[in-house]
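Participant: The residues making up each chain are set out below.
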Amino acid sequence: MSFIAIVYCFLLLVAWAIGIARYSRLSTAFKILSWSFPVVFLCNIISPFWVDRFGNNAPILHVESLTDYVFFSATFYYLLKSKMTKRIIIISVVIVVVFVVINAIYWQGFYKKFPTNVYFLTQPLLAIFSLLLFKEMLMYPLKINPVKQSAFWYNTAILFYATTMFFYLGLSNYFPEHNLHDHFFYYFWYLIFYVFDILLAVAILTDNQKITLENA
Amino acid sequence: MPDESIRTLILATAVLFAGISGFIIYFVVLYRNRQLKNKQEQAALQATFQQELLRTQIEMQDQTLDYISGEIHDNITQVLSFVKLSLAMPKNTGESEKQQKIKESRELISQVITDLRDLSKSLSYDHITSLGLSKTIEIEVERINKSGLIDIAFIPEGAPYSLGSQPELVLFRIFQEAVNNVLKHSGAKHFMVRLQYQPDLFNLTLEDDGSGFSDLQAGKNGSGLKNIINRAALIGGSATINSSPGKGCSIIVTLNPFKQQFYSGEPNHQNRFS
Numbered sequence: 091m092s093f094i095a096i097v098y099c100f101l102l103l104v105a106w107a108i109g110i111a112r113y114s115r116l117s118t119a120f121k122i123l124s125w126s127f128p129v130v131f132l133c134n135i136i137s138p139f140w141v142d143r144f145g146n147n148a149p150i151l152h153v154e155s156l157t158d159y160v161f162f163s164a165t166f167y168y169l170l171k172s173k174m175t176k177r178i179i180i181i182s183v184v185i186v187v188v189f190v191v192i193n194a195i196y197w198q199g200f201y202k203k204f205p206t207n208v209y210f211l212t213q214p215l216l217a218i219f220s221l222l223l224f225k226e227m228l229m230y231p232l233k234i235n236p237v238k239q240s241a242f243w244y245n246t247a248i249l250f251y252a253t254t255m256f257f258y259l260g261l262s263n264y265f266p267e268h269n270l271h272d273h274f275f276y277y278f279w280y281l282i283f284y285v286f287d288i289l290l291a292v293a294i295l296t297d298n299q300k301i302t303l304e305n306a
Numbered sequence: 249m250p251d252e253s254i255r256t257l258i259l260a261t262a263v264l265f266a267g268i269s270g271f272i273i274y275f276v277v278l279y280r281n282r283q284l285k286n287k288q289e290q291a292a293l294q295a296t297f298q299q300e301l302l303r304t305q306i307e308m309q310d311q312t313l314d315y316i317s318g319e320i321h322d323n324i325t326q327v328l329s330f331v332k333l334s335l336a337m338p339k340n341t342g343e344s345e346k347q348q349k350i351k352e353s354r355e356l357i358s359q360v361i362t363d364l365r366d367l368s369k370s371l372s373y374d375h376i377t378s379l380g381l382s383k384t385i386e387i388e389v390e391r392i393n394k395s396g397l398i399d400i401a402f403i404p405e406g407a408p409y410s411l412g413s414q415p416e417l418v419l420f421r422i423f424q425e426a427v428n429n430v431l432k433h434s435g436a437k438h439f440m441v442r443l444q445y446q447p448d449l450f451n452l453t454l455e456d457d458g459s460g461f462s463d464l465q466a467g468k469n470g471s472g473l474k475n476i477i478n479r480a481a482l483i484g485g486s487a488t489i490n491s492s493p494g495k496g497c498s499i500i501v502t503l504n505p506f507k508q509q510f511y512s513g514e515p516n517h518q519n520r521f522s
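Which chain is which? The protein sequence lines are Z and X, in order.
Here the first sequence is numbered in the working numbering, starting from 91 and rising by one per residue.
Here the second sequence is numbered in the working numbering, starting from 249 and rising by one per residue.
Hint data in this document are derived by calculation from the structure and do not stem from the laboratory.
Glycine included, each C-beta is placed from N, C-alpha and C at the ideal position.
Be a bit skeptical, because a hint or two may be false.
[Stated by the list, open to error] Not the full set, but computed from the structure, chain X residues with beta-carbon under 10 Å of chain Z:
(1) L264
(2) F271
(3) Y279
(4) R282
Chain X with its partners taken away, still in its complex shape (with noise of 0.2 Å):
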């Protein structure tokens, strides 16, 4: 074999493995730092996320005060001084208006009992994770319906299951949020809260009949309405609001249970931010 034909053979081979190994080397680089990114961008994904779950945490215990000082001043305050002034009766009373004034008083103080316990429920957003959000948007439900502000509907459809504490408090807000902003600004009669658990997706739908809202005021006014977007978001889900001037509003929360496992904020899954 002539030695000039074996040099360029060696040559061409040297050159091939070389740009081979090149390539390979330049791959496993590349790949580095494409999983250090990675690393960064879910480390950051996590911190916005936790941000933003207290924050969720923090609008809800203030909700949730306002509830309870309202409550307090405007009924268990009023109805005690009622009772206070009810047994302080003269003392010529008759013995059987002062059994009938006790057992009103008794029947008061039960009712007052009654509401305390309910508002110790509320203390705590904790039974959510307790509860489940169907049974706790029920509770609210409920609640709303007796102070008589709106009626409500809630209309659960399908076995409900757990889409993990933390996705399930930002739902609850989200729908806090919008009960919030139909008391404030739509002067609606009627409410619908429609939850819908199926084995892929889940809906939650927020419908009401109130004054309704072109995109030009949504724009203006509609910090709520982005922080449902926002946060609906920061669950892995999506939000879709429409609205139009005297047509009322609906909410849309879609989320895919599956996708729900990187914010379930169980410990295995929070495996999956390290």
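Here chain Z stands alone, though its shape is the one from the complex (with noise of 0.2 Å):
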């Protein structure tokens, strides 16, 4: 394991260290969120393993890539108002769901490829949640400051990580077209998480269930 994935984990374990510190006082989105460090954290620890036995790390990418769709979606579930926003939310879980089973046996296989086509798919979703709930927010501001709400950490990270990704993977085709190397594809990658993760140990941090009542 690079020095960089240590850093990585190292940064996932403290995000969940404050999930858990701050549990009681976090609204059910965080709670739920912050239970996707330690999968993450998990998928991480195993992958290098897996590597070294079967030469790649595919599997665990396909089941990390529809894992950490449930929980960001499971997330805007309880952030967004609009029933029509949840049930929609509802019924892509369940469209990703089938596409990552049917993506993994027929289109990119489980064992061989990284799942790429999943990640087309629910990055852009993860996208548009995170300007409706932006839009939610303006239609229904609270009276703190934006910087010190939760869900706009949440959603500024997701907006970061969906178009970045999205970003990574267009890259992920020029790259070998070009016969370029992938060291800077391996910095950009870890780059992407890092700040993520940060974003995100900055919105459990900042959530607090009581003051967005009181704010409302």
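Both chains are given apart, each in its own frame, so use the hints to dock them into the complex.
Facilitator: See below:
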């Protein structure tokens, strides 16, 4: 396991610890989100061993792509107010689950390929949910500064993650086609996740069910 | 890696990050502006609410003073004058007749005392806060029924709960306005007041069997009706007025008791306006 990966795992543990320490004060959305960290942490711990044994970590990424989407969309489900959007989130989770299974069986083999198809489906969905939540925040503004609101940080994190991952996946075609070295790729991947997890940790750190209700 | 590709990549990454950052900054600015606008709107709403409340209180005081003045002139002064005349007996009045007149005068004075006590209750609208809307309307209904001007049926349904002192004051004023309209214009013989206290809904229904009015008439002479609708809206409720010529009039004021927290005037709720 590389140093950069170890730092990333440490970051995940810190974010999880913040979630656990503030668990009773968190709203349902962020209680759910705080459990995404140990799952991602576990995937990252297993990943190198899987690479050593089977040559790649494709199965881990297939599972992670699904769990990521389920956790993030569930968080959106509890943050958004619109019943229509909530229904769309539930339907999207069912569609993504079916898609992940079909993709792993027919298009991007579970043991062989990185599930780019899944990310191409889930990242735009997350970006849309994020924009919808930004819109709702503007429609029903709280009395407190937006930078003190967990929803703002979570939304920023997801928007950043969804757009940069989409960008990253786009480049993943460009690099092999032009025979370019993948060092940049590797660091860029971790840079996305460092920023993303720091933003999520800030969201969990700022979340307070009581204050949100008082300022509604 | 070719230099040009690196440059393109760095540029694309920088543009992406700048785009996201720009969006977030724009959102924060927009959000702060929206917060400011909301704050100003709430302040304006509170000012209107306080102003309307003050107007309601003044109207109630005016009406109360009219009523007291009428009572003193038509009832108390008359009775006391009668007592005075009654006690001014000629010297040759017999002992038993004197005793009879004194007894009658004492009864009349007792009646005056009772009437004055009732009047003193009407002097302050604070009793709405202490007695609650249901009891206050009940007392008012008894008073009007005693006057014989109209027959009012009071029908409370469900366990009464407080809607907050200010909304209850406004509701009581709506009731008074409706009674005034009925007495002045409708020529109704019967009037019905129904208070429905449901867990998530409060209804005040006011119905009369008077002459009623058309939409056109309501538009021409309906400042009182407009007041009712505006006041119901001001406390977060709605008023529906139905009437047609010859078929009386029905006013239904509906409120959501949870929404009344905004209008209750309790210190902890007033923070919502700050």
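Participant: Look at each hint and say if it fits the structure.
Facilitator: Okay, the hints, checked on the actual structure:
| no. | hint | result |
| --- | --- | --- |
| 1 | L264 | holds (6 Å) |
| 2 | F271 | holds (7 Å) |
| 3 | Y279 | holds (5 Å) |
| 4 | R282 | holds (5 Å) |
Violated hints for the displayed structure: none, as all numbered hints are satisfied.
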